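**Q** Listed here are the chains, written in short residue letters.
Protein chains: 2
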Amino acid sequence: MTTQPKLTAACPVPKNDYDKILLSHGGGGTMMHKLINDVFLQSFGTGDLNTQHDSTVVDISGARLALTTDSFVIKPLFFPGGDIGSLAVHGTINDLAMSGARPLYLTASFILEEGFPIQELKRITDSMQKAADACHVQIVTGDTKVVEKGKGDSVFVNTTGVGILEHAQNICPKRIRPNDKILINGDIGRHGMAVMAQREGLEFDTEIKSDSAPLADLVINLLNEGLEPHCLRDLTRGGLASALNEMAAAAGVMISLKEADIPVTEDVKAACEMLGFDPLYVANEGRLVVVVPDHQADKALCVMRSHAQGKGAMIIGQVKEADSPMVLMQNQIGATRVVDMLSGEQLPRIC
Amino acid sequence: MTTQPKLTAACPVPKNDYDKILLSHGGGGTMMHKLINDVFLQSFGTGDLNTQHDSTVVDISGARLALTTDSFVIKPLFFPGGDIGSLAVHGTINDLAMSGARPLYLTASFILEEGFPIQELKRITDSMQKAADACHVQIVTGDTKVVEKGKGDSVFVNTTGVGILEHAQNICPKRIRPNDKILINGDIGRHGMAVMAQREGLEFDTEIKSDSAPLADLVINLLNEGLEPHCLRDLTRGGLASALNEMAAAAGVMISLKEADIPVTEDVKAACEMLGFDPLYVANEGRLVVVVPDHQADKALCVMRSHAQGKGAMIIGQVKEADSPMVLMQNQIGATRVVDMLSGEQLPRIC
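Line by line, the protein sequences give chains W and G. Numbers given in this note's numbering equal positions in the first sequence, counted from 1, plus 4. Numbers given in this note's numbering equal positions in the second sequence, counted from 1, plus 4.
I should point out that these hints are in silico values taken from the structure, not numbers from a laboratory. These numbers come from a predicted model, not from an experiment. Don't take each hint at face value.
It does not matter which identical chain is used: a pair holds within one copy or between any two.
Unchecked claim - Mimicking DSSO-like on lysine-lysine, the simulated pairs with C-alpha atoms at most 27 Å apart in a straight line are:
1) K213 <-> K273
2) K213 <-> K79
3) K262 <-> K273
4) K24 <-> K303
5) K178 <-> K303
6) K79 <-> K24
7) K38 <-> K153
8) K24 <-> K155
9) K155 <-> K178
10) K24 <-> K126
11) K134 <-> K38
12) K126 <-> K185
13) K24 <-> K315
14) K155 <-> K126
15) K38 <-> K126
16) K24 <-> K134
17) K303 <-> K213
Given only the sequences and the hints, what does the whole structure look like? Please build it.
**A** Okay, structure coming up:
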């Protein structure tokens with residue numbers, strides 16, 4: 005974690021060629037943000053389109069509903085700890101949970117490449133149903149399209165979710181305040197490294213398993229215990245570093261981290277060092293940060309640790325006032341460095 | 005329209021190779037139904053997953069909401085009368101409308117192929133916003149993924165929609181009754197032939213334009229005028245013939261059509277004859293059938309014709325009791341033929 009973030013050869017970022025889509029436009033970094041600003045926000049406006057958060061909250065007939073959509077293009081389809089099906093369910097449930105919503109319904113849409121084995125498709129849909137059952141969520145409608153061989157890549161899955169907010173809180177990055185504490189629910193980097201190892205056929209002493217998991221129940225526990233999180237954010241593309249940078253920018257604050265408090269397992273650390281990755285930027289699919297008022301931090305930590313998805317929870321940092329938003333991290337010997345946002349992506353097609 | 009439906013060389017249907025996805029699995033015919041039954045219904049169960057209708061209705065906090073999802077893989081992206089963006093908005097709005105819902109919110113998710121020109125993406129998102137504005141629908145959240153060159157095809161768009169039912173009616177195929185009348189809102193086959201002509205670089209005397217259009221307002225007019233449609237169905241993949249066959253099967257009835265009453269423009273007729281297509285099976289994106297009780301047919305026709313999207317409305321047939329579900333059509337000289345469902349697809353990637 006002491007190395008500077010590196011871009012792999014897989015996603016070069018040419019300097020003067022922004023008229024075409026690059027892999028790095030999908031990486032959760034500054035290039036994706038620029039694309040969102042230049043294209044999507046220009047067209048769709050800034051009304052209810054909330055790009056600074058994982059899901060959007062709308063009012064329908066007096067109910068506050070959260071909506072979110074995600075397409076999954078992960079490669080390989082099956083990896084230690086999950087597959088594109090369970091990931092598509094967890095990912096969308098987690099985005100709903102980041103608004104504090106109870107997930108209710110999912111839609112599922114498939115873009116299949118000609119020649120894809122139907123047995124593998126069945127394995128994926130079974131996995132989706134199992135993941136949905138575990139979260140008491142229903143898959144209520146779907147769609148199937150088929151494209152010619154060579155015009156897709158096995159299968160892409162879109163899941164779109166609807167959840168209900170059963171509380172009056174407004175959980176979003178803009179509510180972050182100086183002195184708020186930052187908590188994380190466990191070790192980082194496992195999803196990205198599990199997929200990477202599978203993709204590249206790497207073998208380590210112990211198999212690294214993806215952390216892919218649903219986070220809604222953990223979040224609902226926090227709310228039921230009377231905690232008032234100012235912001236929740238799951239740590240997918242771009243990892244912890246990108247999520248914290250987005251939050252700092254949205255709230256206009258500085259976030260101060262202690263490296264020693266950020267959990268990373270030894271095997272993930274070793275794999276990252278070998279491959280030249282920084283775990284701070286590696287995607288997770290079952291990890292979130294919880295930003296709570298200072299005085300609620302200990303209780304939040306206790307509630308998180310008592311939940312299966314938060315056993316490894318830690319307080320990793322604090323929010324501070326700042327003239328310009330940034331994320332700083334103090335390392336083990338007391339030196340402080342800026343944790344920047346990447347422009348592109350370390351690992352393409354990680355979700 | 006007197007020719008038998010033909011399968012083009014583009015989508016052969018091998019007899020003994022159903023372990024892999026074929027293009028015809030995406031065609032809206034019997035092979036797609038088999039895939040839905042063998043894979044999706046097997047995994048997802050038959051709870052709220054309503055495969056016999058375009059959108060699903062769920063209850064949330066006392067409100068009846070319609071949900072629907074659609075991925076769009078149409079080729080080419082731009083065609084006379086529309087593009088993948090306007091189509092993605094109209095298609096999903098129309099699916100909501102088929103439950104009698106007022107469309108409220110859309111999500112938009114993009115799978116981009118590396119190298120896709122950003123200017124074309126902007127043209128598509130602008131078109132989406134224009135179509136959404138015209139329907140008073142908001143695009144509230146989105147997602148972007150990028151895949152390597154050769155692993156996608158320019159851009160795939162998923163739109164998922166949420167609408168609200170402001171009436172107590174239950175509009176679905178199972179409510180179809182003998183003696184009900186079948187109405188259509190205009191001429192058939194234009195979307196499919198417009199896309200086909202563009203794709204193949206064909207030129208006709210007059211340019212055939214897609215019928216792509218939003219149908220929610222027309223449907224809401226019908227409901228506001230006190231009409232009680234038993235079923236509504238838009239005529240996308242598989243065209244009028246597939247939609248009527250699905251409805252007949254779901255309701256266990258016979259549907260009797262008069263060929264002379266089904267509107268087809270001369271240019272579509274000519275293009276279909278030249279290319280060996282049957283307009284009954286060609287996809288539409290702004291056409292629906294309305295099934296109403298016999299005594300409401302004239303009023304429904306009048307309401308439809310007074311709306312911009314129903315100027316060419318016609319009563320095209322009637323529901324009859326039957327031992328086994330089927331669709332029959334009487335041609336201009338009085339002969340009757342069975343209008344079967346195709347197994348595969350005439351035109352791949354039409355939506």
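**Q** With reference to the structure, classify each hint as holding or not holding.
**A** Hints, verified against the model:
1. K213 <-> K273: within (14 Å within a copy, 58 Å between copies)
2. K213 <-> K79: The answer is within: 15 Å in one copy meets 27 Å, while 39 Å across copies does not.
3. K262 <-> K273: within (17 Å within a copy, 72 Å between copies)
4. K24 <-> K303: neither (48 Å within a copy, 53 Å between copies)
5. K178 <-> K303: within (23 Å within a copy, 53 Å between copies)
6. K79 <-> K24: Answer is both: 23 Å inside a copy and 19 Å across each meet the 27 Å cutoff.
7. K38 <-> K153: between (32 Å within a copy, 21 Å between copies)
8. K24 <-> K155: both (18 Å within a copy, 16 Å between copies)
9. K155 <-> K178: neither (41 Å within a copy, 38 Å between copies)
10. K24 <-> K126: Between. Shortest inter-copy distance 11 Å satisfies the 27 Å Cα cut-off; intra-copy 35 Å does not.
11. K134 <-> K38: between (37 Å within a copy, 22 Å between copies)
12. K126 <-> K185: neither (44 Å within a copy, 40 Å between copies)
13. K24 <-> K315: Neither, since 44 Å and 42 Å both go past 27 Å.
14. K155 <-> K126: Cα proximity of K155 and K126: in one copy and across copies (21 Å, 22 Å).
15. K38 <-> K126: between (38 Å within a copy, 13 Å between copies)
16. K24 <-> K134: between (39 Å within a copy, 23 Å between copies)
17. K303 <-> K213: neither (29 Å within a copy, 63 Å between copies)
When held up to the earlier numbered hints, the structure conflicts with 4, 9, 12, 13 and 17 and fits the remainder.
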